[in-house]
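Enquirer: What follows is the residue order along each chain.
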Amino acid sequence: MLRIEQLHVSYGGIQAVRNVSLEVSEGEVVTLIGSNGAGKTTTLNAICGITPSRGMIQYRGVELQGKATHNIVREGIVMVPEGRRVFPKLTVAVNLLMGAYARKISKASLRKEMEGIYQLFPRLAERANQMAGTMSGGEQQMLAIGRALMAKPSLLILDEPSMGLAPIVVKDIYETIRRIKGQGITILLVEQNALMALSVADRGYVLENGEIRLHDTARNLREQDNVKKAYLGS
Amino acid sequence: MNLMDDMLNPYYVDIVVFLIIYLLLGLGLNLITGYAGQVSLGHAAFYGIGAYSSAILSVTYGMNPWASMGSAVVITFVISAILGLPSLRVREDFLAITTLGLGLIAQSVFKNAEITGGAYGIDSIPVPSLFGLELKNVGYLLLVVVVLLAGIFVMQKMTKSRIGRAWMTIREDEMVAQAMGINTTYYKVLVFAIGGAYAGAAGALFAHKASYISAESFGFTISVTVLSMVVLGGLGSIRGTLFGVSVLYLLPELFRLFKLDFMEMKNLDVYKMMVYGLLMVIVMRYRPKGLFGKTGFKKKKRYSAGKEAAIKGGDQVA
Ligand SMILES: Nc1ncnc2c1ncn2[C@@H]1O[C@H](COP(=O)(O)OP(=O)(O)OP(=O)(O)O)[C@@H](O)[C@H]1O
Ligand SMILES: [Mg+2]
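Residue numbers (our numbering), protein chains in the order written: chain A, 602 to 835; chain B, 101 to 418.
Treat the hints as calculated values from the structure; they're not laboratory data. Hints are all accurate, no fakes.
Only pairs whose alpha carbons sit at most 27 Å apart, straight line, appear in this in silico DSSO-like list of lysine-lysine:
#	chain 1	residue 1	chain 2	residue 2
1	A	Lys713	A	Lys782
2	B	Lys260	A	Lys713
3	B	Lys260	A	Lys708
4	B	Lys309	B	Lys236
5	A	Lys782	A	Lys772
6	B	Lys260	A	Lys705
7	A	Lys705	A	Lys690
8	A	Lys713	B	Lys257
9	A	Lys690	A	Lys753
10	B	Lys260	B	Lys389
11	B	Lys389	A	Lys690
12	A	Lys753	A	Lys668
13	B	Lys372	B	Lys389
14	B	Lys257	A	Lys690
15	A	Lys690	A	Lys708
16	B	Lys372	B	Lys211
17	A	Lys705	B	Lys257
18	B	Lys366	B	Lys211
19	A	Lys753	B	Lys260
20	B	Lys260	A	Lys690
21	B	Lys309	B	Lys366
22	A	Lys705	A	Lys668
23	A	Lys772	A	Lys753
24	A	Lys708	B	Lys257
25	A	Lys690	A	Lys713
Just a few of them, taken from the derived set where beta-carbon distance is under 10 Å, the chain A residues facing chain B:
#	residue
26	Asn646
27	Gly650
28	His671
29	Lys690
30	Gly700
31	Ala703
Note that beta-carbon positions come from the ideal geometry of N, C-alpha and C, so glycine has one too.
Just need the whole structure built from these sequences, with the hints factored in.
Expert: In structure tokens, the structure reads:
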């Protein structure tokens with residue numbers, strides 16, 4: 602479904618991503634793991650057209666290279682950005698509404714879909730009219746995911762959904778990711794928390810210094826000694 | 101109409117007419133800076149373009165004042181869109197400096213171009229008439245009131261619509277706005293065009309009221325004054341703009357009215373700026389969002405703010 606070949610991104614002469622090739626198939630959860638500065642966010646930004654890049658990025662047979670970000674969304678790729686980045690001074694409800702911006706749907710079905718999100722995240726329902734910026738980190742992450750789901754993605758990209766959250770909240774978020782996977786939405790999941798990511802993913806890629814070091818099934822990666830040492834803390 | 105003219109002291113009528121012209125200026129700037137978050141220090145340029153367009157069309161080309169005023173709004177809409185293009189490349193402080201520069205350039209064009217009458221400006225700008233009656237004093241007051249009400253109505257509709265939400269999202273987080281499918285380029289240019297058109301309407305109304313315009317009326321001070329008014333009232337709030345502009349506009353008029361002994365009338369402008377400055381400092385200290393505002397003037401850098409919040413948020417979530 603998503604095919605990336607020989608992706609290169611450089612920031613003013615510094616190569617942040619080198620020769621990255623990866624593939625995500627329909628219905629899969631694929632994780633991209635790596636430590637700080639490995640180039641994970643850069644790769645995602647390249648896919649979404651936020652950062653200019655070289656190389657092939659194909660989605661369902663359509664070349665995304667050169668397309669503007671707001672049009673890439675219309676192809677069905679929606680990202681939950683690193684650090685959640687909810688719209689802080691807009692209410693929870695308006696944040697969700699903005700998620701559906703690119704879609705042409707009736708008010709009635711919009712309301713129905715919002716109900717669906719509130720069912721997935723009951724905490725958001727209680728806070729529908731609260732300013733998003735006043736919520737806790739975990740709630741903001743739920744909102745960021747809910748907002749992305751409102752766009753009805755065929756590919757959902759999550760950039761470090763566990764960042765800065767207490768373990769119990771991380772568990773909650775991953776429970777949700779499993780449920781989203783159950784709905785048949787394809788997911789590309791970026792994480793430093795390799796243990797969590799590999800627990801939900803089908804396959805994984807390990808990124809180091811802007812290059813793919815390893816790629817395998819999630820099960821095999823969990824067993825790999827060097828992955829264990831570097832990312833699983835054992 | 102004439103009877104009413106007699107009843108209402110033309111001096112007060114003029115004050116209200118010019119107040120309403122400032123309200124239009126403020127509404128336009130609030131759209132650009134308050135709703136869409138694009139700081140502009142060059143609003144007087146749009147004001148001047150509106151005024152000169154209508155003046156040139158009606159005086160030099162003999163166009164009917166109604167037609168020249170309408171055309172002025174359209175012309176300002178187009179030129180403002182072009183002057184808004186820098187917002188696509190620079191933001192915040194840099195955009196403030198860039199728009200400041202554009203404002204200065206515009207004023208110097210007004211002052212030096214042949215078509216604008218150079219340093220002399222343009223005079224004998226005709227008054228529009230309706231059913232054979234020249235719209236002076238109260239008639240003109242009715243005209244500006246109608247334009248203002250229309251302006252408020254349109255702005256309310258716009259800001260509550262899809263367009264308005266797109267603007268607010270751009271203000272909140274431009275990158276994420278794009279990632280939600282919003283064509284930020286289009287909406288940023290659009291907000292400058294529409295906000296500029298408001299200023300253009302204000303300029304055209306000013307020109308035909310004053311009957312004489314020169315570059316002096318469209319300088320940096322106007323841009324700063326209007327920005328102060330809008331910030332004082334509260335960015336992103338229509339009521340706030342109406343209130344902020346009215347207070348700051350009428351305050352100096354009160355000085356004039358009561359002719360306080362200790363003040364020299366010829367220094368009125370100096371007092372005015374001092375009072376504005378003082379008010380700004382007080383409001384920003386105690387109500388940084390303005391009196392009616394939903395959003396602060398200086399927004400935090402989203403990216404780092406997000407990361408910080410994320411890290412802090414960790415222990416607070418249960
Ligand atoms: N806008 C930018 N300008 C210059 N260099 C950048 C920019 N963004 C990222 N980089 C650099 O690119 C490299 C990869 O950064 P990136 O954000 O993709 O890492 P990451 O894997 O997402 O890390 P983290 O887990 O900390 O989020 C880093 O060395 C970083 O300093
Ligand atoms: Mg990152």
